[in-house]
Each structure stands twice: as C-alpha cells, then as structure tokens.
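A.B. asks: Sequence:
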Amino acid sequence: MKDLFQLALQGVKQKGKLTILMIVNLVIGITLLLTMSTTVKLSGNSVLTDKAPQMHHFSLNYMDSDFEIRNQFRYPPLTFQDAQALKNASLEYKHLSFNYDTRFILESEQLDSARPMIATASASDIDYFSVFNVPFIFGAPWLEAQSESDVIVIDKKVNDHFFSGENSVGQFIKIDKQSLKIVGVMDLSQHKRRISNMRFSNRYNDLAIVPLATAERMNLPRAGYMPCQTKEENQRSEYRQHNISALKSAECGYLHTWIEFDKQNHQQQLAAATLWARNYTQQQAKLGRFPHEDKYKLNDLQLLLNEFGQFMRWEKVYLQFSYLLFAICLVNTVGILLAKYQSKNKLVSLYRALGASRWYIVKIHLIEISLIAFAAIIAGVLFAHLGLELMFQVNMYQMDYSADPSLVKHFFSMDYSFALTSGAFIYAAILIAGLYPVYRISGISPASQLRG
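Just so we're aligned: 96 in the numbering used here is position 96 of the sequence shown, and the numbers increase by one with no gaps anywhere.
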C-alpha cells in the first residue's frame with residue numbers, strides 16, 4: 001500500500017501545472033456549490049419543523065369586500081371580539097395562543113448601569129412559550145396567576161446587556177419608566193425566523209415577552225400588521241399608540257392566533273375548529289360582517305414554510321446554476337486527466353512490462369485522483385467560508401445594517417455536518433468522473449509504447 005501511495009503522489013507531481021489547473025477547476029465548482037446549497041438549506045430550517053403540521057395560524061377575513069389578499073402571509077390577524085369568541089369556544093386542542101407585535105425601550109433600574117435599548121417584543125399569553133418551543137436558560141414563563149401582573153421574560157441578549165449574563169430572575173427592568181419583574185431568561189438564538197407575527201423575518205427576534213393583559217394595561221403600542229376596514233382607517237394610528245379600549249370594539253385585527261393540535265387527534269380537532277370557523281363566520285355574516293367568499297383560513301406552519309420557500313426563487317436559481325457549473329467542472333476534470341495521463345503512456349507500459357497488473361495501475365491512479373479530490377474539497381470548503389461571509393455582508397448591506405447580525409449570520413454559517421455529507425458526494429462524483437481516464441490509461445498493453 002505504501003508503494004501505491006508513493007507512486008500516486010509522484011503522479012500528482014508529474015505535469016504539476018495540469019494538476020494545479022484541475023484543482024483550481026474543481027475548487028471553483030465546489031465553492032459555489034457548497035455556498036449556495038448551504039444557504040438554501042439553512043434558510044429552509046426551522047426549530048419548529050417537527051411540529052409544523054400540527055401548528056395552524058387562525059385567521060378570519062373581516063375586511064371590506066374589495067380587500068385583496070396577495071399571499072398566505074397577508075391574511076388579517078383576529079380582531080379582539082373574534083379572538084374572544086374563539087377563546088370561549090368549546091374546542092379541543094393542545095395549545096391556543098394570541099400575540100401581537102410591540103416595541104418599547106428597556107432601561108435598567110440602576111442609574112449607572114448599561115444604556116437603554118430599543119426592544120422588539122411580543123405581548124402574548126402563557127401558551128405562547130409552549131407553541132413556539134421557547135427555550136429558557138434561567139427561570140421559566142410566568143404562572144397563570146401572574147398573567148395580569150407586572151412581569152416580563154427577557155432574551156439572553158437583554159440579559160447580557162443589562163446583567164452581564166448573570167441570572168437576573170427576580171430582578172426588575174423598566175419599560176416606559178414602569179418596573180417589571182423578570183421571571184425568565186429565554187434564548188432564541190436558534191429561532192432563525194420570527195414566525196409568531198407571520199413575517200418570517202430573519203432581521204430580529206423577540207427581545208422580550210410580556211403578558212397580554214399587562215401590555216394592554218400599560219398600553220404598549222401595536223407595532224405589527226394591523227389591517228382595518230376602510231371606516232376605521234383614520235383611527236388606525238390612534239389604535240396603534242393610544243386607544244386600546246376603542247380598538248377592542250373596532251374592525252381592526254392585531255392578534256395573531258396560533259392553534260397547536262394534538263398529534264394523535266390532529267385531523268379530528270382541525271375539522272372541529274374549521275367547522276366552528278364556518279358556523280361563526282356565517283352567523284356573523286347575517287350581521288353584515290365577513291363579506292368575502294373565503295371567510296376563514298387555518299394555514300398549517302408546514303404549508304407556510306413551503307410557501308415562504310417560494311420567495312427564495314433567486315437563491316434556488318443560483319443553486320441550480322451551481323449544480324450546472326459543478327457538472328461542467330467535472331467534464332473539464334475528465335479532459336484534464338486525459339491530457340495528463342497521455343504523457344504517462346510509456347511509464348505505464350513499462351510498469352505493465354515489469355509485471356504490474358491492470359488492477360494495480362487502476363489503484364495507483366484512483367489514489368492519485370483521491371489525493372487531488374481531497375485537496376480540492378478542503379480548499380473548496382475554505383473558500384465557501386469566504387463566500388458565505390461575503391453573502392452575509394451583502395445581506396446586511398441590503399438591510400441597511402439594521403438587522404441583528406447574530407440572527408442573519410445563522411443563514412450564512414458553514415454547517416459542518418452538511419459540508420461533510422456534501423463533501424462525500426462531491427468526492428464520489430470526482431472519483432466517478434475519473435473512471436474513464438483511468439480505464440484508458442490502465443488499458444495500455446505491456447511494452448506497447450516502448451518500441452523504437
């Protein structure tokens with residue numbers, strides 16, 4: 001085996017310029033292929049994938065008859081009265097959760113502490129944490145009895161900023177000069193998209209979560225998607241910032257609603273919820289509401305993730321282009337190997353004349369191709385790192401550097417397990433591409449090139 005390796009290494013060194021050309025050719029294809037395939041794979045990942053078929057976004061279309069829903073992500077959230085009707089309905093499910101987007105300034109109680117920070121946040125009920133698999137590093141969600149109390153769950157970033165990463169459970173933090181007690185510290189670093197508000201944004205995640213009742217009492221602003229009927233349009237800014245009591249009776253939706261059904265009874269519970277939505281909207285239509293033909297929608301998260309994937313068409317085009325380029329690189333590899341091996345005809349003929357079998361010649365050249373492939377794959381992975389970093393910088397520029405870098409970075413980081421699997425397939429493809437040149441060179445008969 002040692003002799004085979006030494007002969008293969010000599011083969012790599014022979015016609016060194018052709019060897020370098022082949023490695024460069026493969027590195028270009030591997031770099032683009034790994035960069036684009038990693039980006040597409042990471043963009044489609046979600047920590048909720050396992051339960052996505054059981055999670056449904058619940059929407060009732062109360063809007064004016066001329067309101068147009070452009071895609072699955074623009075179905076209106078529930079109005080307060082519709083949310084209350086659903087909450088009081090006798091339906092079976094695992095979890096039912098309501099939430100709305102908000103934004104506020106977080107301040108420390110210590111005057112000499114860290115500077116204040118603007119927080120994107122959610123006002124939600126306690127089921128939110130179970131529906132979205134929110135992980136905690138300290139503490140836990142508030143208790144049911146605390147749903148109307150001045151409590152808050154903060155993210156690890158907030159905890160690091162104000163409390164230097166120490167356990168802050170039991171301490172206080174201020175929102176608009178009002179102190180709220182910290183009951184838990186969550187870590188949403190693995191939640192790559194903000195799904196709860198139907199935006200699927202990779203710009204930022206929740207930095208804090210407060211109880212819905214507390215948010216309403218403090219009148220924390222409604223910052224997310226809040227469509228209103230035409231008659232309510234003039235008051236929408238007022239509803240967002242100030243008049244929560246009027247909002248509760250208005251035809252303005254602001255409560256995103258998620259239902260998680262039991263895995264075993266998913267279809268039965270979904271059918272019951274769908275029947276309730278049909279009966280409720282038909283009843284309300286008699287009162288002049290719900291003029292649309294499609295009055296309700298229960299979209300499961302898996303469908304929404306698939307639908308969101310359609311917005312990545314350019315990334316998928318680039319991925320298809322990278323596959324095509326890699327195939328061209330393999331064809332080039334075959335040509336370079338044929339040129340490289342043509343100069344070895346006399347040497348191989350001599351080996352055969354000295355007793356080397358055809359299989360022995362095949363093994364020498366397969367090892368030679370393997371060494372070249374390993375070198376190309378390692379270099380390709382290194383350059384793919386640079387490619388992902390470049391794409392990260394481009395995306396941050398497109399977002400005006402307003403997004404959370406650590407969140408965006410998730411989509412442009414090398415996934416080593418994926419790179420290892422991809423590397424194995426790339427190695428096999430290179431080896432297969434090299435079979436024809438190896439077959440040609442191993443077929444030289446003994447001493448056929450040595451005459452004269």
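Keep in mind the hints are simulated off the structure, nothing from the lab. Every value quoted in this text rests on a predicted model; they were computed, and no experiment measured them. Note that beta-carbon positions come from the ideal geometry of N, C-alpha and C, so glycine has one too. Heads up, a few of these hints could be off.
What the hints assert, rightly or not - Pairwise CB distance ranges, derived in the manner of DEER restraints:
id, residue 1, residue 2, range
1, 117, 335, 53 to 61 Å
2, 396, 310, 49 to 57 Å
3, 374, 71, 41 to 49 Å
4, 176, 130, 38 to 46 Å
5, 382, 178, 18 to 26 Å
6, 145, 85, 35 to 43 Å
7, 166, 85, 25 to 33 Å
8, 397, 230, 21 to 29 Å
9, 140, 271, 49 to 57 Å
10, 70, 136, 30 to 38 Å
11, 217, 382, 50 to 58 Å
12, 246, 199, 48 to 56 Å
To be verified - Below, a list of computed lysine to any residue pairs in the SDA-like style, where the Cα atoms sit at most 20 Å apart:
id, residue 1, residue 2
13, 344, 4
14, 156, 140
15, 87, 143
16, 41, 415
A.B. asks: Are the hints correct? Go through all of them and say.
C.D. replies: These are the hints, each one checked on the structure:
1. Range check, residue 117 to residue 335: Cβ separation about 58 Å, and the 53 to 61 Å hint holds.
2. A hinted range of 49 to 57 Å for the beta carbons of residue 396 and residue 310 is inconsistent with their spacing of about 24 Å.
3. In this structure the supplied range 41 to 49 Å holds for residue 374 paired with residue 71, their Cβ-Cβ distance being about 46 Å.
4. Taking the beta carbon of each, residue 176 and residue 130 are about 28 Å apart, not inside 38 to 46 Å as hinted.
5. In this structure, residue 382 and residue 178 break the distance hint of 18 to 26 Å, their C-beta atoms being roughly 52 Å apart.
6. Judged by the Cβ atoms, the range 35 to 43 Å given for residue 145 and residue 85 is violated: they are separated by roughly 25 Å.
7. Between residue 166 and residue 85 the beta carbons are some 44 Å apart, a value that contradicts the proposed interval 25 to 33 Å.
8. Between residue 397 and residue 230 the C-beta distance comes to about 38 Å, which lies outside the given range of 21 to 29 Å.
9. Between residue 140 and residue 271 the beta carbons are some 34 Å apart, a value that contradicts the proposed interval 49 to 57 Å.
10. Range check, residue 70 to residue 136: Cβ separation about 37 Å, and the 30 to 38 Å hint holds.
11. At about 55 Å, the CB distance of residue 217 to residue 382 agrees with the hint of 50 to 58 Å.
12. A hinted range of 48 to 56 Å for the beta carbons of residue 246 and residue 199 is inconsistent with their spacing of about 26 Å.
13. Proximity of residue 344 to residue 4 is assessed by CA-CA distance (about 16 Å); at most 20 Å being required, the pair is judged to hold.
14. About 13 Å separates the Cα atoms of residue 156 and residue 140, which keeps this hinted pair within 20 Å; it holds.
15. Of the pairs offered as hints, the one joining residue 87 and residue 143 holds, with about 19 Å between alpha carbons and a cut-off of 20 Å not exceeded.
16. At most 20 Å may separate the alpha-carbon atoms for a hinted pair to count; residue 41 and residue 415 meet this at roughly 9 Å.
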